[in-house]
Amino acid sequence: SQQGEEDPQALSIQEGENATMNCSYKTSINNLQWYRQNSGRGLVHLILIRSNEREKHSGRLRVTLDTSKKSSSLLITASRAADTASYFCATEFYTDKLIFGTGTRLQVFP
Amino acid sequence: DGGITQSPKYLFRKEGQNVTLSCEQNLNHDAMYWYRQDPGQGLRLIYYSQIVNDFQKGDIAEGYSVSREKKESFPLTVTSAQKNPTAFYLCASSSGVRTGTSYGYTFGSGTRLTVV
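Protein sequence lines, in the order shown, are assigned to chains U and E. Quick note, the first sequence lines up with residues 135 to 244 if you use my numbering. Quick note, the second sequence lines up with residues 79 to 194 if you use my numbering.
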């Protein structure tokens with residue numbers, strides 16, 4: 135079963151623009167994580183936000199979490215062509231088992 | 079450098095054969111995981127292990143088997159009972175179980191399995 139649903143499924147923007155991806159999930163969580171996957175490669179951990187946190191920043195990344203709505207968003211500011219990848223949210227329960235969403239494919243045009 | 083190594087990168091299997099995918103980590107992580115990814119889709123959990131000599135089924139364990147005899151190694155066998163094994167397989171590890179705090183997973187670079 136997949137816990138999260140990302141929206142949109144695909145996103146195309148120009149370099150320099152901001153990219154926003156949303157994630158909704160179904161049940162209570164311990165934390166929510168965002169990962170990036172370049173085509174045909176493994177996943178890279180970007181950022182983790184705990185259930186008692188509402189916002190977190192890391193470089194050009196900003197993540198928000200709304201546990202009342204069971205949703206999260208990932209904002210990438212000033213996008214670059216190198217940001218082109220698929221982005222996944224994943225939720226972790228207290229059993230330390232990550233459940234992934236369906237992903238957003240981001241294309242950044244130079 | 080610490081990390082996770084998956085091998086081989088590409089693997090071809092004939093109908094009715096069992097194949098084993100290797101996953102080795104030198105991060106001293108207690109927990110290891112196997113995920114399957116189909117084209118254009120998210121990751122689905124096959125098996126996971128939080129401690130040596132113990133493992134649990136994930137959402138799609140049928141047709142797969144694992145072992146965890148060493149902390150560093152978590153091989154996955156795709157058996158002939160798996161009817162649709164063509165997919166991208168990803169191994170991951172984490173330290174969260176023992177510390178009680180999660181810092182995210184570290185992933186290998188994946189094995190692409192194709193049935194021929």
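Since the hints were derived computationally from the structure, they do not count as laboratory data. Predicted model, so just to flag it, every value in this text is computed and none were measured. Mixed in with the good hints, there may be bad ones.
Unchecked claim - Cross-link-like lysine to any residue pairs, in silico, SDA-like; alpha carbons within 20 Å at most:
id, chain 1, residue 1, chain 2, residue 2
1, E, K92, E, V193
2, U, K231, E, K92
3, E, K87, U, K231
4, U, K190, E, Y181
Stated by the list, open to error - Listing some non-contacts, in silico: residues in chain E with all C-beta distances to chain U over 10 Å:
id, residue
5, Q84
6, N104
7, S145
8, T192
To be verified - So the derived list for chain U, only partly shown, Cβ under 7 Å to chain E, looks like this:
id, residue
9, G176
10, L195
11, T236
12, F243
For every residue, glycine included, the Cβ atom is placed at its ideal position computed from N, Cα and C.
Consistency of the hints with the structure:
About 6 Å separates the Cα atoms of K92(E) and V193(E), which keeps this hinted pair within 20 Å; it holds. Between K231(U) and K92(E), the direct Cα distance comes to roughly 32 Å. Violation of the 20 Å bound is thereby established for this hinted pair. For the given pair, K87(E) sits about 25 Å from K231(U) by alpha-carbon distance, which is inconsistent with the 20 Å threshold. With a CA separation close to 14 Å, the supplied pair K190(U) and Y181(E) stays within the 20 Å bound.
A beta-carbon of chain U comes within 10 Å of the beta-carbon of Q84(E); the shortest separation is about 8 Å. The non-interface label for N104(E) is consistent with chain U: the shortest C-beta to C-beta separation is roughly 16 Å, beyond 10 Å. With a least beta-carbon separation of about 19 Å from chain U, S145(E) lies farther than 10 Å from that chain, consistent with its non-interface assignment. Distance to chain U confirms T192(E) as a non-interface residue, since its nearest Cβ pair spans about 13 Å, more than 10 Å.
At its closest, the beta carbon of G176(U) sits 4 Å from a beta carbon of chain E; the interface hint therefore holds under the 7 Å criterion. Proximity of L195(U) to chain E is violated relative to the hint, the smallest CB-CB distance being about 13 Å (cut-off 7 Å). Annotation: interface hint on T236(U) holds; nearest CB of chain E at approximately 5 Å, less than 7 Å. With a least beta-carbon distance of about 20 Å to chain E, the hint placing F243(U) at the interface is violated under the 7 Å criterion.
Violated hints, in rising order: 2, 3, 5, 10, 12; the structure is consistent with all others.
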